[in-house]
Structure formats: C-alpha cells, structure tokens
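Asks: Chain residues, written in single-letter form:
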Amino acid sequence: MAFQDAQSTLDDIRRLQDRTHDELVRHAFALPYMLLMALGIFITYASTDLQSPWDDVVLLLGTGLYVGVIIVHTRAKLCRASVRPRSISTPLEMVFYLGWAFSPLLAFLASESAAEALDLPARGTLAAAVTAVTFVAAMPLTRRIAKAVMRQKNSRL
Amino acid sequence: MDPSFDEFLHVPARLSIVAILAPADWVDFGFLRDTIGTSDSALSKQVSALADAGYVSVRKKQEKGSRRTYVQLSPEGRQAFQRHAAALERIVAAAHAPVEQMAPEAKAR
Chain A
555 MAFQDAQSTL
565 DDIRRLQDRT
575 HDELVRHAFA
585 LPYMLLMALG
595 IFITYASTDL
605 QSPWDDVVLL
615 LGTGLYVGVI
625 IVHTRAKLCR
635 ASVRPRSIST
645 PLEMVFYLGW
655 AFSPLLAFLA
665 SESAAEALDL
675 PARGTLAAAV
685 TAVTFVAAMP
695 LTRRIAKAVM
705 RQKNSRL
Chain B
195 MDPSFDEFLH
205 VPARLSIVAI
215 LAPADWVDFG
225 FLRDTIGTSD
235 SALSKQVSAL
245 ADAGYVSVRK
255 KQEKGSRRTY
265 VQLSPEGRQA
275 FQRHAAALER
285 IVAAAHAPVE
295 QMAPEAKAR
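Those protein sequence lines, which keep their order, are chains A and B. For reference, each letter of the first sequence is one residue, going 555 to 711 in this note's numbering. For reference, each letter of the second sequence is one residue, going 195 to 303 in this note's numbering.
Please note: incorrect hints may appear among the correct ones.
Restricting the straight-line Cα-Cα distance to at most 30 Å, the calculated cross-link-like pairs of lysine-lysine (DSS-like) are [stated by the list, open to error]:
| no. | chain 1 | residue 1 | chain 2 | residue 2 |
| --- | --- | --- | --- | --- |
| 1 | B | Lys254 | A | Lys631 |
| 2 | A | Lys631 | B | Lys255 |
| 3 | B | Lys239 | B | Lys258 |
| 4 | B | Lys254 | A | Lys701 |
| 5 | A | Lys631 | B | Lys258 |
Residues on chain B that point at chain A, a partial pick, calculated with CB under 10 Å [unchecked claim]:
| no. | residue |
| --- | --- |
| 6 | Leu209 |
| 7 | Val212 |
| 8 | Pro217 |
| 9 | Ile230 |
| 10 | Val252 |
| 11 | Gln266 |
| 12 | Val286 |
It should be emphasised that the hints constitute simulated quantities derived from the structure, not laboratory data. The beta carbon of each residue, even a glycine, is placed where N, CA and C say it ideally should be.
Working from the sequences, and respecting the hints, build out all of it.
Replies: Put into structure tokens, the structure is as follows:
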C-alpha cells in the first residue's frame, strides 16, 4: 500500500471520529439543559442573601433543579441520544468533569469577594447572577475543551 | 504487507463504520448512515458483514412507537481497528523515516 493511501485513510478515520466527538459534545452540552442548570446555579447561590427559613427553601429549590437537570440529561444521553458516550475512563476526563462541576462554586466565591470589596448591595444575588451568566458564556470554551479531552482519550483507538 | 493490516476492515465503508463507532458506546443506525452518506441497504449490508465477523453488535429497540437500531463496536472489533490503524501509521512512518534521517545530514552540508 502506498503511504499516501495510508495517510489519506488515517485522515478519513480522524475526520469521521471528529463527527462522533461533535455529536457527543453537542448532546452533552445541549443549550436547553445548560440554561436550566444555569438557572439552578443562580437560585442556589442567590439563596445566600435570604433570611431563614427562606434561604434553606430556595437553596433546596435551586439544588433540586440543578441535580434534577443532571439526572434527566444523563438519562437522555444514555437512553435517547443518537450517539451514546462510553463511560469516563481517563484521569484527564475525570479532572475535566470535576473541574467543570466545581467551577461555578469558584466563580461564585470570586464574584462575591469582588462584590464585597466594591461594597455592593445584595452581594449573593449579584455574584449568583455573574456565576450563572459566566457558566453559559463559557459554554463554547467548555465544548472545545471537552472535544479536546475526547480526542485525547480516543487518540489511540 | 504488515500482518496487522486487516484486508476485511480496509473496505472504505466498513472502516468508516468502525471509525465512527470507536469513540462511542452505542451509535444510532441513522447517525451512521447520515455521517457516511450512504443508503440504508448499503449500510445494512456492511453492518451485517461486520456483525458476522464479530466486529460489531446490533441491537433493535422500540422507542416511542418507532423502532431504532443501534450498533456498537465489540472488543474484538476495537482490537482489530486499533491494530489496523497502527499498521497504517507504520506505513506512513516508514515512508517518512528516510527523509527524517537525511535531514541532519542535509543541515550539516
């Protein structure tokens, strides 16, 4: 076999695998679910501004929405998606998903500190809004990183 | 020819199916068809050949009144694909090797 043919075949393999990666990422970070998760994040963190017992009630509502969306989305990924993901198997993948899961908390703490430094009112609500907007605004970057992580995972397939 | 080179798998339609399946768990038949750009019957023929060789598993599922077919790469299929891709990489590397070896000499001149 000529090396040009081998190279062309390898290029085709990578192109087709990228189509699978695109579909996996498109479904994993589908905008409707991400918007609902952002709403859950906003409600959860905005609860820090409320008085007892409303802070606990709103915290439960926000967390319930966030976790509920994750459960429904995971079920959709595993049962209805046209391309179903393989289980998480690499340390890099684990680090990415853990980092992504905890990034809203870090964004909230940073925003709240900034709001406190600027002596702004309703710091919790303000920081929660910044966190939720950042979560959605960072989605294109998140998708790119997720695709790169998938590529790395499947580089030796 | 490299012993890992799989003539059966090197058929473009079969290799395309396996390449799409490799990064995923189960893949919908419709997604495979649309991504490769082929017909239902042509894809079905190649999927059956791959299933007969033990390279893929096929599952039919009833979902909301419609019947959907899913295809999955088997462990044997994954190994065969890995071996075949490695054989292709070796062919490319072998072609580039003399050029890379000559490069330092050319620099010295």
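Asks: For each hint, tell me whether it holds in the structure or not.
Replies: Status of the hints after comparison with the structure:
Between lysine 254/B and lysine 631/A, the direct Cα distance comes to roughly 17 Å. Compliance with the 30 Å bound is thereby established for this hinted pair. Restraint check for lysine 631/A and lysine 255/B: satisfied, since their Cα atoms lie roughly 15 Å apart, inside the 30 Å limit. Taking the CA atoms of lysine 239/B and lysine 258/B, the gap is near 26 Å; set against the 30 Å cutoff, the hint holds. For the suggested pair lysine 254/B and lysine 701/A, the alpha carbons sit about 29 Å apart, so the restraint of at most 30 Å is met.
About 16 Å separates the Cα atoms of lysine 631/A and lysine 258/B, which keeps this hinted pair within 30 Å; it holds. For leucine 209/B, the interface hint holds, the least distance from its beta-carbon to any beta-carbon of chain A being 7 Å, beneath 10 Å. A least Cβ separation of about 9 Å between valine 212/B and chain A falls short of the 10 Å threshold, and the interface hint therefore holds. This hint holds: proline 217/B has a C-beta 4 Å from the nearest C-beta of chain A, less than the 10 Å allowed.
Against a cut-off of 10 Å between C-beta atoms, the interface hint on isoleucine 230/B holds, since the closest Cβ of chain A lies about 8 Å away. A hinted interface residue such as valine 252/B counts as satisfied when its beta carbon comes closer than 10 Å to some beta carbon of chain A; here the least separation is about 14 Å, so the hint is violated. Taking 10 Å as the C-beta contact cut-off toward chain A, the hint placing glutamine 266/B at the interface holds, the least distance being around 9 Å. Using the Cβ-Cβ criterion of 10 Å, the hint placing valine 286/B at the interface with chain A is satisfied: the shortest such distance is roughly 5 Å.
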